[in-house]
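Novice: Listed in order, the protein sequences are those of chains C and A.
If you're matching positions, the first sequence starts at 1 in the numbering used here and goes up one per residue.
If you're matching positions, the second sequence starts at 1 in the numbering used here and goes up one per residue.
Simulated from the structure, these hints should not be mistaken for laboratory data.
Quick reminder that beta carbons are idealized off the backbone N, C-alpha and C, glycines included.
Watch out, some of these pointers could steer you wrong.
[Stated by the list, open to error] List time: in silico DSBU-like cross-link candidates among lysine-lysine, alpha-carbon distance up to 30 angstroms:
{"#": "1", "chain 1": "C", "residue 1": "242", "chain 2": "A", "residue 2": "248"}
{"#": "2", "chain 1": "A", "residue 1": "176", "chain 2": "C", "residue 2": "87"}
{"#": "3", "chain 1": "C", "residue 1": "242", "chain 2": "A", "residue 2": "176"}
{"#": "4", "chain 1": "C", "residue 1": "176", "chain 2": "A", "residue 2": "176"}
{"#": "5", "chain 1": "A", "residue 1": "87", "chain 2": "C", "residue 2": "176"}
{"#": "6", "chain 1": "A", "residue 1": "248", "chain 2": "C", "residue 2": "176"}
{"#": "7", "chain 1": "A", "residue 1": "248", "chain 2": "C", "residue 2": "248"}
[Claimed, not checked] Derived coverage of chain C by chain A (criterion: at least 3 residues anywhere in the stretch with Cβ under 8 angstroms from a Cβ of chain A; other residues may be distant):
{"#": "8", "region": "19-32"}
{"#": "9", "region": "128-137"}
Number of protein chains: 2
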Amino acid sequence: MMNILVTNDDGITSAGIYALATALRSLGTVTVVAPDRQQSAVGHALTVSEPLRVTRFWRDNQFFGYAVSGTPADCIKLAVARLLDRKPDIVVSGINHGYNTGINVLYSGTVSAATEAILLGIPAIAISLGSFDEEVDCSVAARTAAYLVEQYHNLELPPSTLLNVNVPALPEDQVKGIRITRQGQGYWNDTYHERLDPMGRPYYWLAGTYNHLDDDPNSDDVAVDRGYIAITPIHYQLTDEKAIELLKRRL
Amino acid sequence: MMNILVTNDDGITSAGIYALATALRSLGTVTVVAPDRQQSAVGHALTVSEPLRVTRFWRDNQFFGYAVSGTPADCIKLAVARLLDRKPDIVVSGINHGYNTGINVLYSGTVSAATEAILLGIPAIAISLGSFDEEVDCSVAARTAAYLVEQYHNLELPPSTLLNVNVPALPEDQVKGIRITRQGQGYWNDTYHERLDPMGRPYYWLAGTYNHLDDDPNSDDVAVDRGYIAITPIHYQLTDEKAIELLKRRL
């Protein structure tokens, strides 16, 4: 039986993490260690300037998991260093409410938890569903996660690569299948709402609209738009090798 | 004259951002938009669930810049969308107190501000100094930043590439020169201190020691250790292209 660590960035109370943990229990021992509140768009943040609190969280009259007063990356680090008896065999982060495609991958707490796992030498999957509705049916996404956990060993991925999975919020019979994709060029057109608070002081609130820049059918954004489950392998070799020679000549 | 946007993650009160902004004023119009408090290890976080406040911050009896109640990435987005009259020609983030080499690049608010600039189509430099001492001499790092801003146009870097610069905290005559480097394999051995608060409840606080995994002389970690200024070109093409074919065969 596998030891599976489950986390997310929507917080331990979300519907997505409940569906995910439930679906994975048939495959092994599932431990849930997740933020005690919404942590969307935290990126790969760590909590360093204050301590972390851990509380036991119950659902359906039974122990569900550990709620941590930190970010998704904190949850993975603390789980591995302190809360688990042994290193997990795999980390699954999600099910996020809302896609993590295109540029969103950089801001995503869901993906950052999977990244932290990879950094600690643990295989990892991030899984997101294209709906912000807390009542959305998570069953296709949950089954997709379970399928990938089962298959993971056979995939023989490099240890530095995680799977970023995005599932359209469609009834199962309308999902067209799996597509192996690239991180797309989608980005946000930022706008800030400027308003006055009750004291008459201005504040700014980030809004914006998401643009699918490319119509490459192999991008994650386009694949989910067309009804496919998009699976993108992600790694963190950030050095721009091509620029190195250029800089050596010019600096 | 250039329009230069300066930010950091140590906050607008830090010594490093003061030295940086001062050094760049001879090259153009400098606007400082920086977090109103320490934001280390925030990664590429955005503030989405609450509004941002902007206050005018004064130093030496003159206006120094805008203090924002958010992350370094928030500062760049808000500056470009709302606070500046025109898109800056370049963003410089720093001078960070402490290296952003190896794995730290992923957690770094300093680098994330430069990343956000690149995402918005603005050339960017992140600059860090290998000392946490607020009284450290920032002059070599500040001059390095000014030199790179002057040279940037000639480098003809791809628009998706930023420069991550790390400067050893040495007197100028002991700095051995510039080295073009790769992001190293350095990582943290996590430990958490577990203590009891005054109410007797446990809390966990992240500590750890940093490991230079590789002795590749071309890694950023090794270069700064040996007294060189390390310049690493960083980009955000996170798709693992090699894994795509592998997944297509196996899923």
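Novice: Is the straight-line distance between the alpha-carbon of residue 248 of chain A and that of residue 248 of chain C 30 angstroms or less?
Specialist: Violated. Residue 248 of chain A to residue 248 of chain C sits at ~37 angstroms, over the 30 angstroms cutoff.
Novice: At least three residues with a C-beta closer than 8 angstroms to a C-beta of chain A: is that true for the region 128-137 of chain C?
Specialist: violated (count 0)
Novice: Within 30 angstroms, alpha carbon to alpha carbon, are residue 176 of chain C and residue 176 of chain A?
Specialist: Given that 30 angstroms is the threshold and the Cα spacing comes to 58 angstroms, the pair is violated.
Novice: Do the alpha carbons of residue 87 of chain A and residue 176 of chain C lie within 30 angstroms of each other, as the hint requires?
Specialist: This hinted pair is violated, its Cα atoms lying about 42 angstroms apart.
Novice: Could you grab the alpha-carbon distance between residue 242 of chain C and residue 176 of chain A and see if it respects the 30 angstroms cut-off?
Specialist: 25 angstroms, holds
Novice: Does the structure keep residue 242 of chain C and residue 248 of chain A at a Cα separation of 30 angstroms or less?
Specialist: 27 angstroms, holds
Novice: Measure nothing beyond the straight line between the CA atoms of residue 248 of chain A and residue 176 of chain C; if it is 30 angstroms or shorter, mark the hint as holding.
Specialist: The given pair, whose Cα atoms are some 16 angstroms apart, holds under the 30 angstroms limit.
Novice: Residue 176 of chain A and residue 87 of chain C were given as a pair; does the straight-line alpha-carbon distance stay at or below 30 angstroms?
Specialist: Status violated; Cα separation ~42 angstroms.
Novice: For the region 19-32 of chain C, count the residues whose Cβ lies under 8 angstroms from any Cβ of chain A; is that count three or more?
Specialist: violated (count 0)
Checked against the numbered hints listed earlier, the structure breaks hints 2, 4, 5, 7, 8, 9; every other hint is satisfied.
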